[in-house]
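Undergrad: Quick mapping for you: the protein sequence lines, in order, are chains A and B.
Numbered by the working numbering, the letters in the first sequence go through residues 2 to 596 in order.
Numbered by the working numbering, the letters in the second sequence go through residues 2 to 596 in order.
I should point out that these hints are in silico values taken from the structure, not numbers from a laboratory.
Heads up, some of the hints might be wrong.
Any copy will do: because identical chains look the same in the list, a pair fits if it lies in one copy or spans two.
To be verified - With a cut-off of at most 30 Å between alpha-carbon atoms, the simulated DSSO-like pairs for lysine-lysine come out as follows:
| id | residue 1 | residue 2 |
| --- | --- | --- |
| 1 | 467 | 132 |
| 2 | 132 | 108 |
| 3 | 192 | 245 |
There are 2 protein chains.
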Amino acid sequence: MKDTTQLCDWLEVFDQALSKQDVSAVQSLFADDCYWRDLLAFTWNIKTMEGRPEIVAMLSETLAHTTPRGWHATGQAEIAGNNASSWIAFETATGRCKGRITLVDGKCHTLMTALEDLHGHEEPRGQTRSKGLTHRADRQRRTWSELRSEETRRIGYEDQPYVLIVGGGQGGIALSARLRQLGVPALIVEKNARAGDSWRNRYRSLVLHDPVWYDHLPYLEFPQNWPVFTPKDKLGDWLEAYAKIFELEIWQSTSCDKASFDDQTGTWTVEVTREGEPVTLHPKQLVFATGAYGPPREIDLPGVQDFAGTLIHSSAYQSGEAFAGKTCAVIGAASSAHDVCVDLWEAGANVTMLQRSPSVVVRSETLMELGFEIYSEDAVAQGITVDVADMLSASVPYALFPDQQRALYQEIRERDAAFYDRLGAAGFAFDFGEDDSGLMMKALRTASGYYIDVGASELIANGEIKVVSGADVVALTPDGLQLGDGQTVPADVVIACTGYQSMNEIVAGIVSPEVATAIGPCWGLGSGVKGDPGPWQGELRNMWKPTVAENLWFHGGNLALSRFYSRFLALQLKARMEGIETPVYGRPDPVQSGL
Amino acid sequence: MKDTTQLCDWLEVFDQALSKQDVSAVQSLFADDCYWRDLLAFTWNIKTMEGRPEIVAMLSETLAHTTPRGWHATGQAEIAGNNASSWIAFETATGRCKGRITLVDGKCHTLMTALEDLHGHEEPRGQTRSKGLTHRADRQRRTWSELRSEETRRIGYEDQPYVLIVGGGQGGIALSARLRQLGVPALIVEKNARAGDSWRNRYRSLVLHDPVWYDHLPYLEFPQNWPVFTPKDKLGDWLEAYAKIFELEIWQSTSCDKASFDDQTGTWTVEVTREGEPVTLHPKQLVFATGAYGPPREIDLPGVQDFAGTLIHSSAYQSGEAFAGKTCAVIGAASSAHDVCVDLWEAGANVTMLQRSPSVVVRSETLMELGFEIYSEDAVAQGITVDVADMLSASVPYALFPDQQRALYQEIRERDAAFYDRLGAAGFAFDFGEDDSGLMMKALRTASGYYIDVGASELIANGEIKVVSGADVVALTPDGLQLGDGQTVPADVVIACTGYQSMNEIVAGIVSPEVATAIGPCWGLGSGVKGDPGPWQGELRNMWKPTVAENLWFHGGNLALSRFYSRFLALQLKARMEGIETPVYGRPDPVQSGL
């Protein structure tokens, strides 16, 4: 209770200093080691200010137009040692905001502020949900189904979407659902024939590696009897049902071919091909939601032409059925490489994994228990809904992740020592990242190089799947692969699980290489490890926030990230549609050359 | 707190008396005016015991095998005057049970007991949900989609469903979802082409008259942004998505033609026609879920052959579009008659309602405010989830409904006096039922004769829809209708909103008239009012519980009743499939003749 009072006092002083625009008074409320993560509330950006000088610089530029007020704690402070944390709420000139704060010895260590709703444009839900069709006799009555049919018929032809979303996977679907609630006309173009096909079309044995509590989409949670790990086709069906339930406008079997932006009119001209017919669209905003990844990184080695067997990229791999009895080499040692190896082994193939560099591997059971604490049935029972868990996750600045994660991986390594010993003895090279921070950091930094073990590791440990680690594949031969050390690996089939290029390669193809280069890569924190060169960003590059290119956005990530960040991208788009001022603090500079 | 103690004391004494099978000690715990409503826990029936003698009789027959134990209050007692109420829980030999009790002056006035789960057959959900597909390499791996395809291909041919459900509206769908969670193989046969068509095929302007909070299906609630009143086609889409999400097996475009039961083998032989092909099915259990109603009650009057205009039953009415400028007579004055009148008026027809007897009419807004208190956003905010609200509703014995409802309708009549004055002045005959107990009692007793005003009453009050009340239609003439008082009503179009026959008429057609007669009518409480002859039943006749006919069941009702009672019907079917003893207390005797 004392600490709740302390927190309330802090917030009151903070509130007063902000309302007086007294930045130096604000500054004195923060600890030396301090972080302020802002999701739109002050910066109209997704940005973490690290240390007092960055906080001061941000406030000096944003405080006058943000006019934050009414800071208060919502609920009791949570105490841990010298730390006192609390959920908070406040308002700005444009909206209602929430956040979370942690004080250490009475000074702010971390603050997270997030825009929740725009004043006057709140999402209708609960008490404010629509009544639906009018209960009144009306000779001009248009039924729901007539209105829906007309909307679907007109969009893209008579009516232009305000937002065009390229890609109808979980990213496009979650964003589009958010936009619809906010009254922003949106259209998805998706190359596959059915909503959910981005999952259905993956390899036969794919089952989500993340648990159900982490995977909910906005507005409609998976039911309580949904399995913990969702099979890909079941997820596909869910996405399809979801798109129907939320009345999303999706053009399936549609490719996005070309897009150019007119600075004068602030409008895109986008050429798409819908079921073979060219259509030109004129949205104001263009969102690339083509997955966390760009195009497949195809294998490009001497001898590819001469290879007599089958060579495919993992993105095109469907099933091992045709490869029973064949000798198969799988290049790579991350998630898809592991899954493909298992699938081939299950089909009766003779499988060798060619591991180029060490991978982070964690047993699924261990990770569920230790790494998904706040996304679990226990968490739900304690009142930690998925929304609360998301805000908790978002309240930790990326700069503090590695320390947290190192502690987790220390525990994991001890608990599963026997498992790691067996993996190592089988010749599999594993590590926990350059700085021992483990799987999630790999995912954030490079989106590659990790595997949540759902069965492959046992086959590797017992020799059913052979491993060549440190494999430097230099060429293909007519009957296999040539490694740098002179070894040859015979293969009837080569599956390149070699990953994907950056999302902005898709922009290069559709908009222009110049724009793509100026935007620079997506994803990665600038941590300075291999595959994620600095400088340090403090946030994921170019994701869900303004980029160098006007009216061009990236949306992506797994189900959890798509769920959470779709809200903030939708708010940014809504504000722009409504002509609300959205001064962006810290917009990136154009990148002069690729990293 | 004192009252909580009193309740706990009562439960302890009750528990001891039951465990000693001391029925006379039990009896002394009940007030003179007492009711015990049991949903399967003691009776394997849905039955209300009224007064001490009925309670004693029930216990004398059921206590020995039920062996209830561990009675306790869950949560604090709720106090109102001399009354103390509480949620309770206990166990029996076969399952875990919940309930609700109200003491008056320390003695039990009402007790409701309900089976929740069968020991060893609990529904997997939350902590016990399935993990989904095994995370383990497996050369015999069958994917979810392969297993689903095979299940769908085999059922009805290689594999027989344990339960065959006739009708795929909300009733069949909700029941089938429950059965699937319990691992009971079920198949729905449905005459329409798509799941949800039972709603889509109704008249154009139909929007649910009940609010969203009352309409949830099991397991998956409508999202928070769902409109209060669902348009019919949107509900159709929801049901279709729901059936897919819950992996239900439905044969669409399938009629159920003939069914006979073999007492020796305990198996039905059911002839269906699936997309034109005859198929014979052999389920153990047959459920009629064809709606709360039986076949349409078609108009059968002298002169039908000579009528030169269009004559249709409301069930076949789609839209007034073709009737612009026509003179239309609508026979009936309940919900569909009102909706059809509005639809015709909206289309520009000249409309007269022929009211045969007084209707109960309530303004939607008033009913939402006063009659749906526990199914509302406010209720949700107070923690009254739909499951809690359902149990609350179920805890009131039907015998006590009329008094409760009379009080409500007294308030409604006062509040909307001006509305009723205008309706009356326009010649519309309204009442509040024979005993002034209003709309819900009409619904329970006769499933007819009421209208929640969503627009028609204003058109009646201002004369846009003409009304002839007390209209006794005796014949059709070539150009209209002949009334008993000699009046003639000209009509190009006659819509017979004359209601439906009892559900068991469907049994007469599919099984046999003899079986249908033995079962007697469905629905109705035996209240003794017109359309619901006695003797008093205390429960709805033949619904969701054992009937005279072995292995033949009725399931039906609006979305709310389908949601709640599907649980109890599913538990009865599951217990029988598992060979659990289900001694039915109070199974009805065969009806010798139709009522």
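Undergrad: My question is about residue 132 and residue 108: at a cut-off of 30 Å on alpha-carbon distance, are they close within one copy, between copies, both, or neither?
TA: Cα proximity of residue 132 and residue 108: none, with 47 Å in one copy and 44 Å across.
Undergrad: Within, between, both or neither: how does the pair residue 467, residue 132 come out at a Cα-Cα threshold of 30 Å?
TA: between (62 Å within a copy, 29 Å between copies)
Undergrad: Is it within a copy, between copies, both, or neither that the alpha carbon of residue 192 lies no farther than 30 Å from that of residue 245?
TA: both (18 Å within a copy, 23 Å between copies)
Consistency note: the structure conflicts with earlier hint 2 alone.
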